[in-house]
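Protein sequences, first through last, are from chains C and R.
Position one of the first sequence corresponds to residue 1 (full-length UniProt numbering), numbered consecutively onward.
Position one of the second sequence corresponds to residue 1 (full-length UniProt numbering), numbered consecutively onward.
The reader is advised that the hints may include incorrect statements.
[Stated by the list, open to error] Keeping only pairs whose Cα atoms sit at most 20 Å apart, straight-line, the calculated EDC-like set for lysine to aspartate or glutamate is:
no., chain 1, residue 1, chain 2, residue 2
1, R, 377, C, 80
2, C, 125, R, 226
3, C, 125, R, 239
4, R, 379, C, 60
5, C, 64, C, 54
6, C, 225, C, 190
7, R, 207, C, 80
8, C, 125, R, 368
9, C, 223, R, 364
10, C, 223, R, 368
11, R, 269, C, 75
12, R, 207, C, 54
13, R, 377, C, 300
14, C, 125, R, 364
15, C, 225, C, 255
16, C, 72, C, 60
17, R, 207, C, 75
18, R, 377, C, 60
19, R, 377, C, 271
[To be verified] One-sided excerpt, in silico: chain C residues whose CB lies under 7 Å from chain R:
no., residue
20, 24
21, 80
22, 83
23, 87
24, 129
25, 165
26, 191
27, 203
28, 309
[What the hints assert, rightly or not] Pair ranges (Cβ atoms, derived):
no., chain 1, residue 1, chain 2, residue 2, range
29, R, 373, C, 351, 39 to 49 Å
30, C, 76, R, 102, 44 to 54 Å
31, R, 176, C, 351, 33 to 43 Å
32, C, 113, R, 102, 52 to 62 Å
33, R, 221, C, 164, 44 to 54 Å
Quick caveat, the hints were computed from the structure, so don't treat them as lab data.
Nothing here was measured: the structure is a model prediction, and the numbers come from that model.
C-beta: ideal position from N, C-alpha, C; glycine also.
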Amino acid sequence: MASLRSFLRSGKTFVILFVVTSCASVFQVNVRDALNQAMDEELERDERVFLLGEEVAQYDGAYKVSRGLWKKYGDKRIIDTPITEMGFAGIAVGAAFAGLRPICEFMTWNFSMQAIDQVINSAAKTYYMSAGFQTVPIVFRGPNGSSAGVAAQHSQCFAAWYGHCPGLKVVSPWNSEDARGLLKAAIRDDNPVVFLENEMMYGVPFELSEEMMHKDFVIPIGKAKVERQGTHITLVSHSRCVGFCLDAAAVLAKEGVECEVVNLRTIRPLDVDTIEASVMKTGNLVTVEGGWPQYGVGAEICARIMEGPAFNYLDAPAVRVTGVDIPMPYAKILEDHSVPQIKDIIFSVKKVLNM
Amino acid sequence: MGAQAVSEGTRMVVSARSFADFTPQASFPIKKCDLHRLEEGPSDEALLTREQGLQYYRTMQTVRRMELKADQLYKQKIIRGFCHLYDGQEACAMGIEAGINPTDHLITAYRAHGYTFTRGVAVREILAELTGRRGGVAKGKGGSMHMYAKNFYGGNGIVGAQVPLGAGVALACQYQGNNQVCVTLYGDGAANQGQIFESFNMAALWKLPCIFICENNKFGMGTSVERSSASTDYYKRGDYIPGLKVDGMDVLCVREAIRFAADYCRAGKGPIVMELETYRYHGHSMSDPGVSYRTREEIQEVRTKNDPISMLKERMLSNNMSSVEELKEIDLEIRKVIEDAAQYAISDPEPSLDELCNHIYARDPPMEVRGTNPWVKLKSVS
Numbered sequence: 001m002a003s004l005r006s007f008l009r010s011g012k013t014f015v016i017l018f019v020v021t022s023c024a025s026v027f028q029v030n031v032r033d034a035l036n037q038a039m040d041e042e043l044e045r046d047e048r049v050f051l052l053g054e055e056v057a058q059y060d061g062a063y064k065v066s067r068g069l070w071k072k073y074g075d076k077r078i079i080d081t082p083i084t085e086m087g088f089a090g091i092a093v094g095a096a097f098a099g100l101r102p103i104c105e106f107m108t109w110n111f112s113m114q115a116i117d118q119v120i121n122s123a124a125k126t127y128y129m130s131a132g133f134q135t136v137p138i139v140f141r142g143p144n145g146s147s148a149g150v151a152a153q154h155s156q157c158f159a160a161w162y163g164h165c166p167g168l169k170v171v172s173p174w175n176s177e178d179a180r181g182l183l184k185a186a187i188r189d190d191n192p193v194v195f196l197e198n199e200m201m202y203g204v205p206f207e208l209s210e211e212m213m214h215k216d217f218v219i220p221i222g223k224a225k226v227e228r229q230g231t232h233i234t235l236v237s238h239s240r241c242v243g244f245c246l247d248a249a250a251v252l253a254k255e256g257v258e259c260e261v262v263n264l265r266t267i268r269p270l271d272v273d274t275i276e277a278s279v280m281k282t283g284n285l286v287t288v289e290g291g292w293p294q295y296g297v298g299a300e301i302c303a304r305i306m307e308g309p310a311f312n313y314l315d316a317p318a319v320r321v322t323g324v325d326i327p328m329p330y331a332k333i334l335e336d337h338s339v340p341q342i343k344d345i346i347f348s349v350k351k352v353l354n355m
Numbered sequence: 001m002g003a004q005a006v007s008e009g010t011r012m013v014v015s016a017r018s019f020a021d022f023t024p025q026a027s028f029p030i031k032k033c034d035l036h037r038l039e040e041g042p043s044d045e046a047l048l049t050r051e052q053g054l055q056y057y058r059t060m061q062t063v064r065r066m067e068l069k070a071d072q073l074y075k076q077k078i079i080r081g082f083c084h085l086y087d088g089q090e091a092c093a094m095g096i097e098a099g100i101n102p103t104d105h106l107i108t109a110y111r112a113h114g115y116t117f118t119r120g121v122a123v124r125e126i127l128a129e130l131t132g133r134r135g136g137v138a139k140g141k142g143g144s145m146h147m148y149a150k151n152f153y154g155g156n157g158i159v160g161a162q163v164p165l166g167a168g169v170a171l172a173c174q175y176q177g178n179n180q181v182c183v184t185l186y187g188d189g190a191a192n193q194g195q196i197f198e199s200f201n202m203a204a205l206w207k208l209p210c211i212f213i214c215e216n217n218k219f220g221m222g223t224s225v226e227r228s229s230a231s232t233d234y235y236k237r238g239d240y241i242p243g244l245k246v247d248g249m250d251v252l253c254v255r256e257a258i259r260f261a262a263d264y265c266r267a268g269k270g271p272i273v274m275e276l277e278t279y280r281y282h283g284h285s286m287s288d289p290g291v292s293y294r295t296r297e298e299i300q301e302v303r304t305k306n307d308p309i310s311m312l313k314e315r316m317l318s319n320n321m322s323s324v325e326e327l328k329e330i331d332l333e334i335r336k337v338i339e340d341a342a343q344y345a346i347s348d349p350e351p352s353l354d355e356l357c358n359h360i361y362a363r364d365p366p367m368e369v370r371g372t373n374p375w376v377k378l379k380s381v382s
C-alpha cells in the first residue's frame, strides 16, 4: 500500500478513480481539480470574487488550474492579462482596496519578483499603515518551488521570502484536502494571502471525504496538521516534501523508528504550538523543505524551538533537510541531486537519532 | 457645485458691503488645453459662482497655510522623517475635487497632504498624523505618506506604484457598474515608470474609467524634466490614450479639464491622460532647500506672476465677486483653524504602546506578536 501511495504521489500517474464505499462516500480528487473546484465554488458564492492572470481565461490556465471557469463565468470574472506582472498585481490590489476580492495568479511565483513591491508595500502593509482603515482582501496564487527540468530561473521557492513579512498570510498546501480547504479559507480571508502551490502536485490524486467536498469546507489558516503520529522524532515540512516525509516514515517504521510528521499548511502565521507539542513528545526534530537553507523556513523553525519550552526536551540538536544551496541546474541527474530526496530524510533522521 | 471641501468653523462674513453688492457669478476665459488624439477638449470658458469662488479660495488657502505650518513644525523638529509639501500646487487638488463627485475615487503619491484635505480629512487630523499622535488620521502609524479616507487611497511612498493601484480601483468601478471614476495621480518623475505604461495598456484594453494625471512640477526631486525624460510631453505619453495638457496653476482650467475627463470616462470611452503644469515652492522634501537645481528667481517669478491663490483672488476682486475685507476675514478664520490644529497636533499624546502590534490582520482574533527578544510577547488585535 505504501508503494502504491508513493507511486501515486510522485505524480507519474494521472488516474482518477471514483470509489464509493458502503458507509461513506469518498472521492478521488487531484490537487489541480481541488483548486479548480474551490475557486469555482467561491466565484459562485461571492460575486466580488474574480480571477486575473496570464492565460487564466481562454487558455484554461497555464497549468489548467482554472479550466472551465472562463466558460462558466465569462470575461468579467475571469480576466486574461498581458504579460505585465507589476501592472496587473497592482491593479488587483487596487481592486481589493475598492471592495472586490481578487484572486491574482502568477504563472509561477518566480514571476512575482516583478511585482513583489505591490505584494509587500501595497498589499501587506496597508492595513497597518492605515491603522485598520483599509483592508486588502486579495489572494495571490500560483505554483512555487522546483518543478521538473525548468532550470534555475523557474525553480525558486518563495516561502521564506514572503513568510518574512508581517501583514501577509502565507499558505503552502500539500494535498487536495489542503488545497481545497486552504484556498477557500484564503479567498474568504479579508487579508492578503500568498498561496504557494506546487506544480508537481497538481496531478496527484488524494481521497476527499464527503465532508471535505462540502461547499463550506475550510481549513483554518495558521494551523498545522499532524499527518502521522510518532514517538521517536518529529519531521516538520510543507508542500510536496510532506509526502516525502511520509514515505521516509514508512521506510523507517520497518526499522522500528516511528516518525511524527507535521504538515505546516501555513508558513505565516507559523503554528509553533503544534511543532512544540510534537517536539516535546518525541525529543527530536528534523525540518524538511524544498527551498534553500540560508534564512529559510527550517531555520525559522529551529530558532523558534531554541527560544521556546521545547528546547529542553531535545535529545539532539535540531537539523534541517533542504534544497542544495545552488541555483537549480537543468540536467536530470543534477536536478535530482539538488532537491531533498527520501533517502536524505532517512539519513538525517538516523544521524539525529545516532543510529 | 463640486465636492465639499471641509470648511471648519465657518462664520457669517461681516463685511462693509452687503451681499447684494457682489456679482453672483461670472464667466472667465481660460487657457485652451493642448490636445492629443482628441477632436475637441474642455471649454475655453469657465463659469464661476461667488459661492464656488469663496469655497475654492478657502480650500486653497487652507492647504497653503497648512503646508506652511507643517514647514514650521518640521523646522522645530516636531515633525520628523519625510515631509513633501504641496504649496504652489493647490489649484490641482482643488480643481480636481471641484470637477468630480465625493463618490469618485482618488489616489496619489507622497506629496499628498493637499489631497488628504480635499478628500475630507480635517486639518487637525492631518497635522496630528504628521506629528505622530494618536489623533492623527492613521493614529500616528502611517505618517506623511500614508493617510487614507473614504474613496481616497493615500498617500503612497513607492514612486509609480499608485498608478496600477488606481487603475485597479477603476476596474472595481467598472465591475460594480457604479458610474464612478478613479483619478490616478503621479509626478513628472514617476512618468517614466514601466508600471505606468503597463497600467496604460490594461486601462485602454479594458476601457477602465481611469483619469491618469501627471502633476508636472518640472522636477523629479532634483532632476529637471529635460534631464529625466526623452519626451516631456507627458500628456502624450499615453500614446494610444487621448490626452490633455492643462494649466495646473488655474483652478478653473483644472476643473473644466477634469469635468471633461470624467465625462469621457463615464461615457465608457476608456481612460484619459492629463498633464497639469504646476509648480512647487518648496524643495522636493524638507531636507531639500530646492535651490541647487533651480534659481530663486524662478521660484519668485512663479510666486509673483502665477500663484494659483493670487490668480483666483484677482479674478474675484476685479469682477466684484468678493472684497478685500471679506477675503481677509476668511484668511483670519483659516489662520485660527490652522493654529488650533497645530496646537492639537503638538499637545495630543503619542499613540499608546499597546497599539504597536495592532492592525496586522483585519477581522481576525487577537494574536501574539514577537517583540524584540523571545521573552517579549506582544498582543495584536485587528
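Here is how each hint holds up against the structure:
no.	hint	in the structure
1	R:377 - C:80	violated, 44 Å
2	C:125 - R:226	violated, 35 Å
3	C:125 - R:239	violated, 33 Å
4	R:379 - C:60	violated, 44 Å
5	C:64 - C:54	holds, 12 Å
6	C:225 - C:190	violated, 23 Å
7	R:207 - C:80	holds, 14 Å
8	C:125 - R:368	holds, 18 Å
9	C:223 - R:364	holds, 14 Å
10	C:223 - R:368	holds, 14 Å
11	R:269 - C:75	holds, 18 Å
12	R:207 - C:54	holds, 19 Å
13	R:377 - C:300	holds, 17 Å
14	C:125 - R:364	holds, 16 Å
15	C:225 - C:255	violated, 25 Å
16	C:72 - C:60	holds, 11 Å
17	R:207 - C:75	holds, 13 Å
18	R:377 - C:60	violated, 46 Å
19	R:377 - C:271	holds, 15 Å
20	24	violated, 32 Å
21	80	violated, 10 Å
22	83	violated, 9 Å
23	87	holds, 3 Å
24	129	holds, 4 Å
25	165	violated, 11 Å
26	191	holds, 5 Å
27	203	violated, 32 Å
28	309	violated, 11 Å
29	R:373 - C:351: 39 to 49 Å	violated, 31 Å
30	C:76 - R:102: 44 to 54 Å	violated, 27 Å
31	R:176 - C:351: 33 to 43 Å	violated, 59 Å
32	C:113 - R:102: 52 to 62 Å	violated, 39 Å
33	R:221 - C:164: 44 to 54 Å	violated, 30 Å
In this structure, the hints that do not hold are numbers 1, 2, 3, 4, 6, 15, 18, 20, 21, 22, 25, 27, 28, 29, 30, 31, 32, 33, in rising order.
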